[in-house]
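Protein chains: 2
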Amino acid sequence: MNLANSHKPRVVILGGGFAGVYAAMELESQLANRDDFEITLVNKENYFVFQPMLPEVISGSIGILDTVSPIRRLLPKTRLIVRDVEALDLQQKNITLSQGFRPRPYSLQYDYLVFALGNVTDFRGMVGLPEHALPFKNLADAIFLRNHVIHVLEEAGIESDPELRQQLLTFVIAGGGFSGVEVCAELNDFVRHAAKLYRGIEQTDIRVVLLHSSERILDREVSKELGLYAEELLYKRGVEIRLKTRLRSASSDAAILTTDERIPTKTLVSTVPSSPHPLIDGLDIPKDKGKIKCNGFLEVESLDGVWAVGDCALIPNPSGEGFCPPTAQYAIREGTTAARNIVVSVRGGQKKQFQFKGLGKMGSLGYRSAVAELFDYFRFSGFLAWFLWRTIYLWKLPGLDRKIKVGLAWALDLLIPPELVQLKLGTAQGVAQAHFEPGEVVFRQGDLGDSLYILLRGEAEVVREDHGEQKVIAHLQPGEFFGEMALLNQKTRWATIRCIKPTDVLTVKKGDFTALVANLPDMRQTFENVMAKRMGKNK
Amino acid sequence: MNLANSHKPRVVILGGGFAGVYAAMELESQLANRDDFEITLVNKENYFVFQPMLPEVISGSIGILDTVSPIRRLLPKTRLIVRDVEALDLQQKNITLSQGFRPRPYSLQYDYLVFALGNVTDFRGMVGLPEHALPFKNLADAIFLRNHVIHVLEEAGIESDPELRQQLLTFVIAGGGFSGVEVCAELNDFVRHAAKLYRGIEQTDIRVVLLHSSERILDREVSKELGLYAEELLYKRGVEIRLKTRLRSASSDAAILTTDERIPTKTLVSTVPSSPHPLIDGLDIPKDKGKIKCNGFLEVESLDGVWAVGDCALIPNPSGEGFCPPTAQYAIREGTTAARNIVVSVRGGQKKQFQFKGLGKMGSLGYRSAVAELFDYFRFSGFLAWFLWRTIYLWKLPGLDRKIKVGLAWALDLLIPPELVQLKLGTAQGVAQAHFEPGEVVFRQGDLGDSLYILLRGEAEVVREDHGEQKVIAHLQPGEFFGEMALLNQKTRWATIRCIKPTDVLTVKKGDFTALVANLPDMRQTFENVMAKRMGKNK
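So the protein sequences, as listed, match chains A and B. Residue numbers for the first sequence follow the working numbering, so the first one is 1 and each next one is one higher. Residue numbers for the second sequence follow the working numbering, so the first one is 1 and each next one is one higher.
I should point out that these hints are in silico values taken from the structure, not numbers from a laboratory. One should not assume that every hint holds.
It does not matter which identical chain is meant; a pair holds if it fits inside one copy or across any two.
Unchecked claim - Here are the simulated DSS-like pairs of lysine-lysine, each with C-alpha atoms no more than 30 Å apart in a straight line:
id	residue 1	residue 2
1	K137	K44
2	K44	K491
3	K491	K137
4	K403	K44
5	K396	K196
6	K491	K93
7	K44	K510
8	K501	K533
9	K77	K196
10	K491	K287
Chain A on its own, in the form it takes in the complex (with noise of 0.2 Å):
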């Protein structure tokens, strides 16, 4: 390449999962001969997740964040910047990062490009699922979702009602890849393990289901035999295991599946749907299926000195066959070869193609056991699995005192019990959806309230009790809004509201809604007016 300014050669990597941390590594390695090129590294937070063990984080079996490793730590050499990209210009070879504390656009000039952005949840086009279904693909997914565990539990061990109580604890996953299988594995142990803490819920009150939509758990990533393994096992701790079935959409209130079966739930996971990044989406590149199409030295074709790798990729496979898999062992090699053919770039020389043979798949199934299968010939199950499972991981994650924290962590797991803590962290979003299934009830006559809703889409009926008979006194349409007595400082709810059609509401908190109408005052006089219509016509 010839760089018409004297500056060293830039190279900047977006994305610090494993392909854009092991690239930015192998830079740095080669920058130890000689100092001639720059390296940043953008990603939007300041550690590296070591996705394989992300479930533990369910079941507490390594703290919160031994997970992840500072990238700033990892890569002394690079330059870190924690903030999201906004935009990207391929001509000008320009870079449009986030704002940080001052709203400033912050620009980035490459000279080599590295995409390595991976892949990201997006449940857009599913009914029901952005609203209700919880994600599990970084650190605050995982840690939400054991908070949320937690607090069903302190919910249910309360709880009087038998059917809400049954909702409560009945967890449902969908996908039966390894990531779900995982999970599923993690959260049966703990919520199985925990529940034995609180008074009155017994093990048969709990239901996790897994849904899978193939004739078998794994059948992608292992054996037959292996996979039958897994779900024998998974059975056996009481785990209900649905085939050839799909989540079809998901309420407040339950996950519905393809099979138009209905079950109530409030924790409903899903790691099914990878989207490409949205940055990939709007970018004019060679793509195919989301993913930035490369050649064999994983260049990006048509486009001079950018790169792609892991996920984000669409590699050719090197044994002839597809493609290479979005699996860490891959992304870590992808990294490694994109680096030091950028090196090459810089220095001259000769490119080299990319050549990888996995070398195995190993899952964990929880409680010591795991599945495992290597170089095609070798296959583990059980305690073998797990234990070949556990070195291999803490030997592969980076850094010295990330391996004393893990090691002692999963020493302690063996004596320890599981902690119980639920973290509140984050405060509730101010404006949010939902969505309802007909028949189910967005609100119920006596309930405590301090939202208000507006029907965006379907149907509902207000149901009023007097001296225990039910009338239906009106119907709600798109566009109107319901619940407003919350904001008279009326705390318990006048009636029911049921719906009639699948119903999509956007719920505004009390608080927010009132600074909003108080401060504007053309707006606080068009409310004023629809609520006097309202009051005058409920009396």
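Starting from the known structure of chain A, arrange chain B on it as the hints suggest.
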């Protein structure tokens, strides 16, 4: 007490701090002999916070969850309800709890009631503090502060504007009691240690300022000698101490002191205002300065079967002088005494007066130093005091598993450098307030922006820069909104908004605002009219 119905007497404890948990512990141990009453504890978290160790969460020398213990594990015979208290009827002996997953009120009857609600941080009435000061009271506060400090370092590391950089690297702590001094010491240690990992941040760039209202820090807690020792030590470690100085107000950009000094900062921690719990505030019971007045038996005067312990209670000091101090050692003994007196009320016998003389006082000063005064005679400082501090607290920490974990974490901390992982857990609030002092800027021309602002109080000018020339093109008054261009997908700000008077604004995220406006047809109309007017004016 004469119980009309036949059930076992129900003891309800409100609050799970030192006083409440130790009251329940004592009740449980008495229950062991005879199963003649029921214990319920209501707390908004399912864990007990070991308050003295909370500042260590900032530096990460112990794990995030090591300062807390699950209440359920500490109190196996107690029914724990993890909810807020919404209302209390002292005549009907009925407690209404907040909603859970379903918005239904939850009622609780009691025969004996123990107030152990502690106090809360309340910045109301202090200009700019509710919006911009960080409290330091519970675990979420500690985690938030830690994450905020790491965020500030990340931003300072890539900031080129020297003014903003200095502002980011300035940390102000208001309050020179034990809590403020410990937070200041831990924060100072952590920032100075962590900064070594950030390129371009020098130790001399970091400013940590401690404000205290009287002429010596810790003046109410320890002797003059130890207070001066603490001052000297903090000074040596780089802390600026401002004595006889309070915080007057805060803005988005600075801490403003009573001396009129303005310290530009993005990190202002205030440990000062401890207000009575809002529930107690609203009750018609004997109170003084917001605390519940008790007699020597810890009973609330004039109420039958109601007790108060810990920081929410005003208890005559057994020494005869004044009242019991709000410390953990008193709270523990108060809880225990109240519990014994309740058992006597149930079973018959002689109630006992609260008897306790403080053992002494200890405060950590960060990196291997502390001050301690024991039994009025012994004074320690430096490493010996710190060693004492750790040993005593490790020993007082409830539960063996917790002791092992914290002991190990402390041992590891001597070997392993601090963590730098910034957890981003909470979503930003939809609607928030911000305060600006005259001359401060809400946003600048060219900034990125996706929020809409409503001016609540004060006045601001709209300044547009064109070819290096600044022109005031409009004035904004209360009720007017600005920044609405963001709604039209214009990514950068068209003009600068500078405040002329002390100004409060309401910020609304674009997504929240559009969701509201798009779905309430009347509102949309109103808003579109205003927009049309504004657009015409700006042309």
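Okay, the hints, checked on the actual structure:
{"no.": "1", "hint": "K137 - K44", "result": "both (14 Å within a copy, 29 Å between copies)"}
{"no.": "2", "hint": "K44 - K491", "result": "between (41 Å within a copy, 20 Å between copies)"}
{"no.": "3", "hint": "K491 - K137", "result": "between (38 Å within a copy, 29 Å between copies)"}
{"no.": "4", "hint": "K403 - K44", "result": "within (24 Å within a copy, 36 Å between copies)"}
{"no.": "5", "hint": "K396 - K196", "result": "between (35 Å within a copy, 26 Å between copies)"}
{"no.": "6", "hint": "K491 - K93", "result": "between (57 Å within a copy, 20 Å between copies)"}
{"no.": "7", "hint": "K44 - K510", "result": "between (32 Å within a copy, 21 Å between copies)"}
{"no.": "8", "hint": "K501 - K533", "result": "within (26 Å within a copy, 40 Å between copies)"}
{"no.": "9", "hint": "K77 - K196", "result": "between (49 Å within a copy, 13 Å between copies)"}
{"no.": "10", "hint": "K491 - K287", "result": "between (54 Å within a copy, 27 Å between copies)"}
Violated hints: none; the structure is consistent with every hint.
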